[in-house]
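> Take a look at the letters that make up each chain.
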Amino acid sequence: MANDTSDRGGTATATKTEATGFEERRSESPLQRIQHVLHANPILGPLAVLVLAVVVFSIVSGRFLSAANLGLVLAQVTVIAVLALGQTLIILTAGIDLSAGAIAVFSSILMANIATDLGVPGVLALIIGLVLGTAMGAINGLLVTRLKLPPFIVTLGTLSIFFSLNAVVSRSETVRGSDMPSIMTWTGTTFSLGGFRITYGSIIMLLLFALFWYALSKTAWGKHVYATGDDIEAARLAGIRTGHVLFSVYTVAGLLYAVGAWILMGRLASASPNVGVEYNLDSITAVVLGGTSLFGGRGLVLGTLVGALIVGVFRNGLQLGGVDVVWQGCAIGLLVLIAVSIDQWIRKVRA
Amino acid sequence: MSVETNVEAGSQKAPLREPVLQAKGLVKRYGPVTAIASGDLELYPGEILAVIGDNGAGKTSLIKALCGAIIPDSGEILLDGKRVHFRTPMDARRAGIETVYQSLAVAPGLDIADNLFLGREVRKPGILGSVFRMLDRKHMRDEAKRHMSELGITTLQNIGQAVESLSGGQRQGVAVARSAAFGSKVMILDEPTAALGVREGNRVLQLVRDVRDRGLPVILISHNMPHVFDIADRIQIQRLGRRATVITPQSHTMSEAVAIMTGAAEPPPPVG
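Each protein sequence line maps, in turn, to chains A and B.
Here the first sequence stands for residues 1 to 351, numbered as in this note's numbering.
Here the second sequence stands for residues 1 to 272, numbered as in this note's numbering.
Where hints are given, some of them may not hold.
Claimed, not checked - List time: in silico DSSO-like cross-link candidates among lysine-lysine, alpha-carbon distance up to 30 Å:
no.	chain 1	residue 1	chain 2	residue 2
1	A	K218	B	K124
2	B	K82	A	K218
3	A	K218	B	K145
No lab work stands behind these hints, which were simulated from the structure alone.
Bear in mind that the values here come from a model prediction, so they are computed numbers and not experimental data.
With these hints in hand, go ahead and build the complete structure from the sequences.
Next up, the structure:
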């Protein structure tokens, strides 16, 4: 089996037989084969769920596949998808960010209030908001890398802090879209594409996914993100500055959440301090449903997009099917548990 | 494959030659604990030097000082006769000292090529690389393939295979190939066969020999006496934080080495 072409002289005869020591013998059952296929192509599982959901819901409700409804689903998942993109980066490093929604909502409040209360021009207020959101992510990153605190604890703390500051700054008041510069809600404006009403926010979201697909799969930074999440000690010994990688990931995630804030204002046509509590966990849900492992080092941004779409399709489809809203959470929860179980099972290939 | 065989390298003792890597009187203390009382070591071109010793004899600390993982309190390290100061493992790597850690330091989820170039990725030439930071995957894969086959690891089907799908010996092969590819002066291996079965262990030993025969001197730390006596040209015995002696597989038997290691026998004067 082992065709050892190279002659390494000396003990060649001895090694000829030993060369087979590197062979792996595998006889697989069909189930193991599925396990290996899913292990090699982690996107297949989520994609199958999405396709299945679309098929089922289009049978249940004739309206599901209409252009208007699909446009609605896309608009509904856009904010979650952008937050989940930032969340994906962090989860790839084996971290977790509970403050994603808090940073997004607080950023939107800051953008709106800087523009309305301080009279700062719209574009400038927007940029300031993006910078502040990035800074909030950087604070998470500093706490994780400098104080070496677990990401769960760090972001649990900053979640409370950001929501609290959010209430202070906003005085718990919603800023109406009509009071803000139009750039703030521009992300919610739509254009028509073959009968679909698509928001500019959705386009921004898709561009961001393309950008981070590239960054993660085609650049050294991406490899370092995966390696750090996979085995941080190994990455460090291989010469990767893991602290820099982690810090960059939390900071970039902060920026993404702030972009999410901009899209959120467009979606709501306002900046409200009271939305977004569910965004924290929804972003994690989308990541997990997309096949990214909570243990780090495994996952794809494309999977997260699919995961966000699964959440959106389920919510929308169950609603169209006449299922009471209270049951939606149940369905999503079950999906998450199934997704995590499958992830655990796939990871056993390692052993 | 043209191999510049240097089989005699080990048997001809090398007092005439300059050591590639030399440690003189290294000391490392952690509070009241002395990890290295006096760290001395000479590694000559084209040899495999094994470092053995009981737990706590200071062999790991000595090796860590040589590969930059710890900074000694005093003493000096000479590479090619020039004094060097390593603050991090990266410093040592830049100087040409590659280490294969016991934990292997491979990212299981990444493929073989990615792991070979981990932390040393190659970007595409031109604007794609400089502005868009795009990695030259083809180049890295081709190079990885070349390095793997140079070491005779040709049984691997696919260079794009995730490392976690490899057996323990294959992973060790990847780690050794990485060090061999980038190490220009010295390769240090920490317990390379500890986690392996008999056949895979032997296979890795052959890899280490190949590395030596291609001109890269090797420092090997191992608890496995048969392996040490199988491939080492010289054997340095550490005891109580200092070098007890240096022997060769020809000059002493395994049980004599163990006796020196544990203090049951007086260390003989160093050989070579």
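> Hint by hint, say whether it matches the structure.
So, going through the hints one by one against the coordinates:
no. : hint            : result
1   : A:K218 x B:K124 : holds (10 Å)
2   : B:K82 x A:K218  : violated (40 Å)
3   : A:K218 x B:K145 : holds (20 Å)
The structure fails to meet hint 2 from the earlier list, while all remaining hints are met.
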